[in-house]
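Novice: Here the protein sequences line up with chains A and B, keeping their order. Be aware that the first sequence starts at 123, since it is given in our numbering, and climbs by one per residue. Be aware that the second sequence starts at 123, since it is given in our numbering, and climbs by one per residue.
Don't read these hints as lab results, they were simulated from the structure. Keep in mind the model is a prediction, meaning the values are calculated, not measured. Any given hint could be a false lead.
Repeated chains share a single entry, so a pair holds when one copy, or any two copies, can fit it.
[Claimed, not checked] Here are the simulated DSS-like pairs of lysine-lysine, each with C-alpha atoms no more than 27 Å apart in a straight line:
| id | residue 1 | residue 2 |
| --- | --- | --- |
| 1 | Lys193 | Lys256 |
| 2 | Lys252 | Lys392 |
| 3 | Lys392 | Lys256 |
| 4 | Lys392 | Lys193 |
| 5 | Lys193 | Lys252 |
2 protein chains.
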Amino acid sequence: MGDRVRLTEEQRLDWLRLIRSDNVGPRTFRDLINHFGGARAALEALPGLARRGGASGTRIFTRDEAEAEMKAARARGIAFIALGEPDYPARLQAIDDPPPLLAVQGELAAVARPLIAIVGSRNASAVGMKFAEKLARDLGSAGYGIVSGLARGIDAAAHRASLATGTVAVLAGGHERIYPNDHVGLLDAILPQGAAVSEMPLAWEPRARDFPRRNRLISGLALGVIIVEAARRSGSLITARLAGEQGREVFAVPGSPLDPRAEGTNGLLKQGAILVTEATDVISAIEPILGRGLDLPAQEPSPDEPPLHDTEPADDDRSRIVALLGPTPATLDDLVRLSRSSPAIVRTVLLELELAGRLERHGGGSVSLV
Amino acid sequence: MGDRVRLTEEQRLDWLRLIRSDNVGPRTFRDLINHFGGARAALEALPGLARRGGASGTRIFTRDEAEAEMKAARARGIAFIALGEPDYPARLQAIDDPPPLLAVQGELAAVARPLIAIVGSRNASAVGMKFAEKLARDLGSAGYGIVSGLARGIDAAAHRASLATGTVAVLAGGHERIYPNDHVGLLDAILPQGAAVSEMPLAWEPRARDFPRRNRLISGLALGVIIVEAARRSGSLITARLAGEQGREVFAVPGSPLDPRAEGTNGLLKQGAILVTEATDVISAIEPILGRGLDLPAQEPSPDEPPLHDTEPADDDRSRIVALLGPTPATLDDLVRLSRSSPAIVRTVLLELELAGRLERHGGGSVSLV
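Chain A extracted, bound-state conformation:
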């Protein structure tokens, strides 16, 4: 999965079908590929797995649906780049849960460049927007692409100021559902030198929970994330947290303690974010990283674990493991110890439960029943 070869079009269709099927997210996708050796085999096993996990009718994305989405994407000039392919953004590949397929519209080269994220309040002040523009312009001139979320306020200001030098909009919905709708024109201006990126189905209408999910891609694509203005509890702070978890540099722009729009950024500075008053503050922190190699993905299966498909859980394995699960997160280690099943069997049962939509994953590899 980590080798940089291109998929065949047949394989790409299978990947699309697998990631678009019920209860398959980026992490489950990887587990399935590792388990079955490929998307085709995983698709064939999926109904049985989900049934054993307790699901009555798990929907598998059909070949026709996948072909239709591929065709619609092609018509809009959107390419599906698969994890491991040469065009897949290297930094994004190194995060915990990279999308198996990234739908990219516009210039592929814009996504491959060194990127810096600029995000912040939708309800931004005039001064905040002006400063976001200045940063984006100066970083663009210095050779960095600007990645952001196409939102009103800071995001839009950052995109607008980097149209000529290259900017990447990461969408929370599909390419056919631009949000907010009045930024369709801005997106059209972005595409000639930049790109729009989404992991969602083309016609996906973004819901509230899709924005934090999308934010991991903004930070994942970037070398560092600059928060320009952010209230105390805001989406930009989620991006900052994800950036920290992904090992990205976090930058924050200071503001008056009496300005509620600076509460979030001043808070980040207290927690150790790098203070930014000009582009050189960012560049001097980022430049040393550019030379460095990428971190390896944190959750590749380690070689001393036996492959999952060597073992098939028996019914009493399943009932023992399910009995140990509840609404409180439990770790894989605990489940193995308490169930006295092998790690491979526990992982298989968890995969089945996940595909049945009965499992929730938490930080630190712990899981709970939904």
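Start from chain A and add chain B according to the hints.
Specialist: Just chain B, lined up with the frame of chain A:
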């Protein structure tokens, strides 16, 4: 000099005469006391020393002048507290160059309390003034006295908000020359619960260079210094630098990168100042220090150096040492090595030159000819 006993009134007069004489600053005062064992002996030796240093007519502050200043001070309720006396502020005593006599008007207890300095732009914004008031009020309620410079803008806001809880104004001139003049009313409001402090003669009109000199007392009195608003090159940044040199905590209030009044404070934050958006940021950094003992003065003569009065420089010592001096600062070590005179002789010659007004002292104990 470090023992906490009270001077006799006769000794206090001698101390006042010595510190008010030509070319005697706090450091020279200490050297002279160490050299001659007391102010009276130093006063007697002063004309000879200055003459040997090359001065034609060094003015010694007369006994009559000292008595007149004492009397005028008493009439205004001003007490002269000598270094080493119980009422002398302990933290100020620990700096490099504490004033031998501190003229205090108002409540002595206000100066002895744990103090925090709040300083900033004279040309402050409404938001900056409001925030300085809030900080001063909250720190006052938490039991801290507020020390500042009685200037317009941030200083005045900090004093005003802490009138009831206790605030200390450190003057750049004498007690009879309040600057700015329209803050005489503010000072009157400060005195009932607070104090005004000066090291200058009562009638001293403050000159530009007296303000940085005064700033070392603001930071020296305080456990930490908060800079609220400061342009790029401003007096508040001098106070911040002195605070750092004195081992005081330096706090800075963030502001927008597009606000020139925040350039100085944002710069301090980049250099490691503690970011302040509320009083608890200050208190949680200061509280652990309150428990700690005071640092010893850094430049007390170490016991392995022979006392200065054991040695008297010969004329060729003097000419050799003077020949080594120029406008470029030289260290004592270099002068001893190159002159092949003893450290005690070199120090005596430097003292003579200083009293003659021919020596300038720099950081790190280096000196140059004026």
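Novice: Taking the hints in turn, state whether each one holds.
Specialist: How the hints compare with the structure:
no. : hint            : in the structure
1   : Lys193 x Lys256 : neither (40 Å within a copy, 62 Å between copies)
2   : Lys252 x Lys392 : both (24 Å within a copy, 22 Å between copies)
3   : Lys392 x Lys256 : both (24 Å within a copy, 20 Å between copies)
4   : Lys392 x Lys193 : neither (49 Å within a copy, 52 Å between copies)
5   : Lys193 x Lys252 : neither (41 Å within a copy, 61 Å between copies)
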